[in-house]
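Number of protein chains: 2
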Amino acid sequence: MRLAELSKRSGVSTATIKYYLREGLLRPGRQVNATTAEYDEEHLRRLRLVRAMIQVGRVPVATVREVLGHVDDDSLGRTVRLGAALWALPHVPEPDTDDEHLQAAQHEASELLRALGWRNAELLTSISPAFRSLVVAVAAMRRLDFDWDAELLMSYARLMHRAAVLDLDFVETRETEAERVETAVLGTILVEPMLQALHRLAQEEESARRYGFE
Amino acid sequence: MRLAELSKRSGVSTATIKYYLREGLLRPGRQVNATTAEYDEEHLRRLRLVRAMIQVGRVPVATVREVLGHVDDDSLGRTVRLGAALWALPHVPEPDTDDEHLQAAQHEASELLRALGWRNAELLTSISPAFRSLVVAVAAMRRLDFDWDAELLMSYARLMHRAAVLDLDFVETRETEAERVETAVLGTILVEPMLQALHRLAQEEESARRYGFE
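Each protein sequence line maps, in turn, to chains Y and F. According to full-length UniProt numbering, the first sequence is numbered sequentially starting from 1. According to full-length UniProt numbering, the second sequence is numbered sequentially starting from 1.
Honestly, I wouldn't trust all of these hints.
As the list makes no split between identical chains, a pair holds if one copy fits it or if it spans any two.
Stated by the list, open to error - Here are the simulated SDA-like cross-link-like pairs (lysine to any residue), alpha carbons at most 25 angstroms apart as the crow flies:
#1 Lys18 - Asp99
#2 Lys8 - Asp145
#3 Lys18 - Glu42
#4 Lys8 - Lys18
#5 Lys8 - Ala37
#6 Lys8 - His101
#7 Lys8 - Leu102
#8 Lys18 - Phe146
#9 Lys8 - Ala104
#10 Lys18 - Gly69
#11 Lys8 - Asp147
#12 Lys8 - Asp99
Note that these hints are calculated values from the structure, not bench results.
The following block holds chain Y by itself, in its conformation from the complex:
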């Protein structure tokens, strides 16, 4: 297809597509003559992914380039390739202070993964940026004397593990490996705000059920 059709089918303006091409976020089309290039379904799919990261996920262009580098690196195994792409996405900012709460939270979060029986706990605690985000979140709770017990944290973790199973089951319905990695990245960007909205709605529903509306 030509640029105009790619724009129409993707809903992305030709000016924006040209910008993505210049920034190297989209592979050049196949040049058919000096002024015309031909694009295919793979361009369309990639455009969808880039647009989701930039417009929905508000991911900076340099980060998009980094994520795509991992998505395209088929020398990596699937877990590492998925992980590398997701890890490049923005995470919770690090706190300013490295206080005793952060140390205690580090210990508490490690214990949680072990208590859950997660087989890759050792690895996750040593290299995952999501583990670091969890530590930051637990430290914030402790700094505010929010006296949650380990059992409650485990219940939340089990629910989120069930969400992750749904995520990966959906990813596995995709046909090619490239599509699966792209879907995983898209999923993270699209599913997280949806879960947050569902969570708040569920709180309102449950609150109205318990306390009514007087």
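Chain F: place on chain Y using the hints.
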């Protein structure tokens, strides 16, 4: 207690406490003489809440003032008071365009709440900001041709309802009504980043279980 002790026990600097007092985010202490005021446990609790909103939730000061207005308004019933406080917290920004995807998503999200059998679906779809966030999230999926079915969306919603039950069970362990409302606001600010971190960790664990680390 004096200002110095309030600062020590809360971990908030005296300069910041004075700023919160000037901005009306914290009630004045009981003046014991011209230069000294006395603070109590209620000040300490309120300081914790203000700090969580500003430092952890990055909520703007004007919004904090609005949320506190609802937290303190005991003329309201519990559901409305909780709702008003939580609704004042920042939500997903509205999309620039009101296209056909947004209309379809509005319909799809309403159907979801009805299919779930949520008793307050009618009310939530008409007034809740979280419902609007859900519509925006679903529209983003549709705009990208992300072909999720309604069944999958329902499974995610059921998981988040279970999370909401855990949230409210914890809120109910607090003794006074003021503490319960404060805990609900604190919970929203602290639990959401924690759930996101747990979700990503669970994806990594599940991915490693399924695909190993080649």
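At most 25 angstroms between C-alpha atoms: does Lys8 with Lys18 qualify within a copy, between copies, both, or neither?
within (14 angstroms within a copy, 56 angstroms between copies)
Taking 25 angstroms as the upper bound on the Cα-Cα distance, should Lys8 and Ala37 be classified as within, between, both, or neither?
Answer is within: at 16 angstroms inside a copy they meet the 25 angstroms cutoff, but 67 angstroms across does not.
Within, between, both or neither: how does the pair Lys8, Asp145 come out at a Cα-Cα threshold of 25 angstroms?
between (54 angstroms within a copy, 14 angstroms between copies)
Within a copy, between copies, both or neither: which one fits Lys8 and Asp147 at a CA-CA cutoff of 25 angstroms?
between (54 angstroms within a copy, 19 angstroms between copies)
Check Lys8 against Ala104 for me: Cα-Cα at most 25 angstroms, and say if that holds within a copy, between copies, both or neither.
Between copies, since 20 angstroms is at most 25 angstroms while 53 angstroms is not.
25 angstroms Cα threshold - placement of Leu102 relative to Lys8
between (50 angstroms within a copy, 18 angstroms between copies)
Evaluate Lys8 and Asp99 at a C-alpha cut-off of 25 angstroms and name the case that applies: within, between, both or neither.
Classified as between; 15 angstroms across copies, 53 angstroms inside a copy.
How do Lys18 and Gly69 come out at 25 angstroms by Cα distance, when the copy is not named: within, between, both, or neither?
This pair counts as within: shortest intra-copy Cα distance 19 angstroms, inter-copy 49 angstroms.
At most 25 angstroms between alpha carbons: which applies to Lys8 and His101, within, between, both or neither?
between (52 angstroms within a copy, 15 angstroms between copies)
Using 25 angstroms as the alpha carbon limit, work out where Lys18 and Glu42 are close: within a copy, between copies, both or neither.
Within one copy only: 16 angstroms inside, 58 angstroms across.
Is it within a copy, between copies, both, or neither that the alpha carbon of Lys18 lies no farther than 25 angstroms from that of Phe146?
The answer is between: 24 angstroms across copies meets 25 angstroms, while 50 angstroms in one copy does not.
Copy assignment of Lys18 with Asp99, given that the CA separation must stay at most 25 angstroms:
between (48 angstroms within a copy, 24 angstroms between copies)
The structure fails none of the hints (numbered hints given earlier).
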